[in-house]
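Chemist: Residue-level listing of the chains:
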Amino acid sequence: MLGRSANGIFWMFRYLERAENTARLLEAGFRMALTRGVGAADDEWHSVLVTIGQADDFAQRGYDFSGTAVTNFILRDRHNPGSVLNMVEQARTNARAVRTAITREVWEATNESWMVLKELLARPVRETNLGEVLTAIRRQTMLVRGAMDGTMLRNEIFNFARIGTFLERADNTARILDVKYYVLLPSIAWVGSSLDNSQWETLLRSVSGERSYRWLNAGAMDPRGIAEFLILDGRFPRSLAFCYEKLGSNMNSLAREHGRKMPSHDLLREIGDRLASQDIEHIFEQGLHEFIVEFIASNQQIADAVAADYRFVD
Amino acid sequence: MTSTENASFDEMIGPDGSVRPAYAGYRTWYDEQDKSWLHKQGGEAEGFFRRTGITFNVYGDTAGEERLIPFDMIPRIITAQEWRKLSRGIEQRVRALNAFLHDLYHRQEIIRSGRLPARLLARNDAFLPEMVGFTPPGGVYTHIVGIDLVRTGPDEFMVLEDNARTPSGVSYMLENRETMMAMFPELFTRIPVRPVQDYPRRLAKSLAACAPPACKGRPVVAVLTPGIYNSAYFEHAFLADQMGAELVEGSDLRVVDGRIAMRTTQGYQPVDVIYRRVDDEYLDPLSFNPNSVLGVPGIMDVYRAGGVTIANAPGTGISDDKAIYSFMPEIVEFYTGEKPILPNVPTWRCSEPEALRYVLDNLKELVVKEVHGSGGYGMLIGPTSSKAELAAFEKKLRARPENYIAQPTLSLSTVPIFAKSGLAPRHVDLRPFVLVSPNGIDITPGGLTRVALKKGSLVVNSSQGGGTKDSWVLED
Chain A
1 MLGRSANGIF
11 WMFRYLERAE
21 NTARLLEAGF
31 RMALTRGVGA
41 ADDEWHSVLV
51 TIGQADDFAQ
61 RGYDFSGTAV
71 TNFILRDRHN
81 PGSVLNMVEQ
91 ARTNARAVRT
101 AITREVWEAT
111 NESWMVLKEL
121 LARPVRETNL
131 GEVLTAIRRQ
141 TMLVRGAMDG
151 TMLRNEIFNF
161 ARIGTFLERA
171 DNTARILDVK
181 YYVLLPSIAW
191 VGSSLDNSQW
201 ETLLRSVSGE
211 RSYRWLNAGA
221 MDPRGIAEFL
231 ILDGRFPRSL
241 AFCYEKLGSN
251 MNSLAREHGR
261 KMPSHDLLRE
271 IGDRLASQDI
281 EHIFEQGLHE
291 FIVEFIASNQ
301 QIADAVAADY
311 RFVD
Chain B
1001 MTSTENASFD
1011 EMIGPDGSVR
1021 PAYAGYRTWY
1031 DEQDKSWLHK
1041 QGGEAEGFFR
1051 RTGITFNVYG
1061 DTAGEERLIP
1071 FDMIPRIITA
1081 QEWRKLSRGI
1091 EQRVRALNAF
1101 LHDLYHRQEI
1111 IRSGRLPARL
1121 LARNDAFLPE
1131 MVGFTPPGGV
1141 YTHIVGIDLV
1151 RTGPDEFMVL
1161 EDNARTPSGV
1171 SYMLENRETM
1181 MAMFPELFTR
1191 IPVRPVQDYP
1201 RRLAKSLAAC
1211 APPACKGRPV
1221 VAVLTPGIYN
1231 SAYFEHAFLA
1241 DQMGAELVEG
1251 SDLRVVDGRI
1261 AMRTTQGYQP
1271 VDVIYRRVDD
1281 EYLDPLSFNP
1291 NSVLGVPGIM
1301 DVYRAGGVTI
1311 ANAPGTGISD
1321 DKAIYSFMPE
1331 IVEFYTGEKP
1341 ILPNVPTWRC
1351 SEPEALRYVL
1361 DNLKELVVKE
1371 VHGSGGYGML
1381 IGPTSSKAEL
1391 AAFEKKLRAR
1401 PENYIAQPTL
1411 SLSTVPIFAK
1421 SGLAPRHVDL
1431 RPFVLVSPNG
1441 IDITPGGLTR
1451 VALKKGSLVV
1461 NSSQGGGTKD
1471 SWVLED
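Heads up: the protein sequence lines correspond to chains A and B, in order. Those letters in the first sequence? Residues 1 to 314, by this note's numbering. Those letters in the second sequence? Residues 1001 to 1476, by this note's numbering.
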């Protein structure tokens, strides 16, 4: 396939994954506002902006700080290149550009996502329809992924889509941890307080992991367990370990199809091995924050290496 | 707008109100249908086109805006007998076009013989000196041709225009048929309609048959598009997809070891045949427009050395020229030794003083076109123009008469569309698509019917508010 198409499909799925994860983050913030009151929610809105790297941009625009302003900025602001609407539009533009690389079903699901979300986000989102909008974003992006899963040939095109998906997902989970790591640190003052519990719950919710975690731990929550779950539990589809296992398998398929390994394969193995050999005690000893910062940088290195190895650009 | 339907030949209904034979089967079916259900189906067709992304971009519109070409659900029907004659005429014309192009770029016998004035080539940008003395692989100039036909009576089809450059619209022909089959499957079990669906396969085969000398093994075909903002991007992607070919942009290609190669995830790989949807001017910044980023620097050198096939060949646009068009009857006769089966529309060349005088005296009755124009832009339709428009055009005409040709305002045939009030006649034309390879000339039965949706309007171009219809050729 063309290097340009590989780049297009890789980013198409990164945008869709990011749009979906952004909706999850907003959902966690919205939930906080509903259960803990507006004051507690403001911190949450702010941390959502920081997580997706839009806090400065938001501040510069001079909007009043409120849940409605933040959600509208993130969801539909035309001037915000990282808004969900812009990302879905970008994903669709990429899909058009790689139209010959995807099936009709994948194209139609993508095109329809854009049509539905453009319509839903044509007017300001209010508290009364925020839930509906966030559900639609998750549902539409899932439709694209489902069409992909059900109709695409398992060749390099599929692999580049999946590599984009899992690099983005690992990055997003890591960024959530980067902003929220402090709620997982042992602190005598907080232990067992209801603030802790709600912070932990929000963290899990923002990766749709609260039910899985409760199910695995019979309802009990502890910070170390949550960190372990999000970083190392290979059964949870948004954990770093899960993303890296999938990355490994998609990169291996590529090597098989092309009949050769590239430098990005070595880099991934090295970084993946390091992650797999970790245990949570060691991560905390080393420093949770340091671990996450390093992980985000390594993840970026892999993305750059893949782009270079497969000639995404001239 | 003046109403012209009454004077026009309607393809469905005869002057006595009876249904013509071509439409007998369809009309029986139509009369059985619940009209409100048909209206509902029509609405769903639009949603279908939006979802599937069958859209075109309009130049001069807000960036990225995509529009639908309106689809009308009443088919345009041609009998087997009518089609036999049409296809013989089309084949003759396309054979003549290829022979003509070869001659123009070689010995120019037609000019030496005095049948075509040499001045038509002088200062004509569509004539490419780069092509002189070169014969494209397989001797084929026009791999894909669209011949625009109009009808004025029961047995009166005329050629309005030849599109030998990069005819577009074939994706609409295919999608219109898909849509009709999805909406009204029972029609196709009741009425024997010749299929069009294998056009992409035939296109791929036809292109592969023109592989260049440097090609070893199975020819690699790619479609070259200017990109996603081009008005016909949907069609470029559609055809590449249906042919299983790569859809490439200029930036994906470069010259590697005397071949044109595309940047794949595994390095540069040679391309044998390029079905380009980029105009000559932008094809090679080293040979033509130096500012072009849509083409491939050096592709003309590779082409002339036999390293790649470009379809259609550069320089074929000269035969789309409307001044050349006016000589087509002579051209057909010169190269085939036969009288043309399909006549031209009578044409006055304004470069000739006598013709110009006639055109100026009768401007209000005529259609005047720029010789290099296309797409319905820059033309005058006398009967529907205001005094001021006529006066303004007259000035242009006097200043540069050689830039114009004129034709009578034809009473184009009508086919009904499905309007709110039921069937309503509207003017149509027909663009059959023709494939040329060393193995022969292959015409897809039917083509694209364009229809002027406005009552009385004679302008069918999609850029000017025209729509399309599924076009049926009946089996014998």
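One thing to keep in mind: the hints can contain errors.
[To be verified] Every beta carbon over 12 Å from chain B, so not counted as near; a handful from chain A, in silico: (1) T68; (2) Y181; (3) R235; (4) S277; (5) Q300.
[Said to hold, decoys possible] To list a few chain A residues with every Cβ distance to chain B over 12 Å, as calculated: (6) R31; (7) A69; (8) H79; (9) A97; (10) N111; (11) W114; (12) E156; (13) E257; (14) M262; (15) D279; (16) I283.
[Said to hold, decoys possible] In the DSBU-like style, the derived pairs of lysine-lysine whose C-alpha atoms are separated by at most 35 Å in a straight line are: (17) A:K180 x A:K118; (18) B:K1387 x B:K1339; (19) B:K1339 x A:K261; (20) A:K118 x A:K261; (21) A:K118 x B:K1216; (22) B:K1040 x A:K118; (23) B:K1455 x B:K1364; (24) B:K1364 x B:K1454; (25) B:K1339 x B:K1085; (26) A:K246 x A:K261; (27) B:K1339 x A:K118; (28) B:K1420 x B:K1395; (29) B:K1035 x B:K1387; (30) A:K180 x A:K246; (31) A:K118 x B:K1387.
Bear in mind the hints are in silico, worked out from the structure with no lab data behind them. For each residue, glycine too, the CB sits at the ideal point set by N, CA and C.
Chemist: Does each hint hold? Answer for all of them.
Modeler: Status of each hint after checking the structure:
no.: 1; hint: T68; result: 28 Å, holds
no.: 2; hint: Y181; result: 37 Å, holds
no.: 3; hint: R235; result: 32 Å, holds
no.: 4; hint: S277; result: 31 Å, holds
no.: 5; hint: Q300; result: 20 Å, holds
no.: 6; hint: R31; result: 33 Å, holds
no.: 7; hint: A69; result: 27 Å, holds
no.: 8; hint: H79; result: 16 Å, holds
no.: 9; hint: A97; result: 5 Å, violated
no.: 10; hint: N111; result: 5 Å, violated
no.: 11; hint: W114; result: 10 Å, violated
no.: 12; hint: E156; result: 6 Å, violated
no.: 13; hint: E257; result: 9 Å, violated
no.: 14; hint: M262; result: 10 Å, violated
no.: 15; hint: D279; result: 37 Å, holds
no.: 16; hint: I283; result: 35 Å, holds
no.: 17; hint: A:K180 x A:K118; result: 31 Å, holds
no.: 18; hint: B:K1387 x B:K1339; result: 40 Å, violated
no.: 19; hint: B:K1339 x A:K261; result: 65 Å, violated
no.: 20; hint: A:K118 x A:K261; result: 41 Å, violated
no.: 21; hint: A:K118 x B:K1216; result: 49 Å, violated
no.: 22; hint: B:K1040 x A:K118; result: 25 Å, holds
no.: 23; hint: B:K1455 x B:K1364; result: 20 Å, holds
no.: 24; hint: B:K1364 x B:K1454; result: 21 Å, holds
no.: 25; hint: B:K1339 x B:K1085; result: 14 Å, holds
no.: 26; hint: A:K246 x A:K261; result: 17 Å, holds
no.: 27; hint: B:K1339 x A:K118; result: 58 Å, violated
no.: 28; hint: B:K1420 x B:K1395; result: 42 Å, violated
no.: 29; hint: B:K1035 x B:K1387; result: 43 Å, violated
no.: 30; hint: A:K180 x A:K246; result: 25 Å, holds
no.: 31; hint: A:K118 x B:K1387; result: 46 Å, violated
The structure does not agree with the numbered hints 9, 10, 11, 12, 13, 14, 18, 19, 20, 21, 27, 28, 29 and 31 stated previously, though it agrees with the rest.
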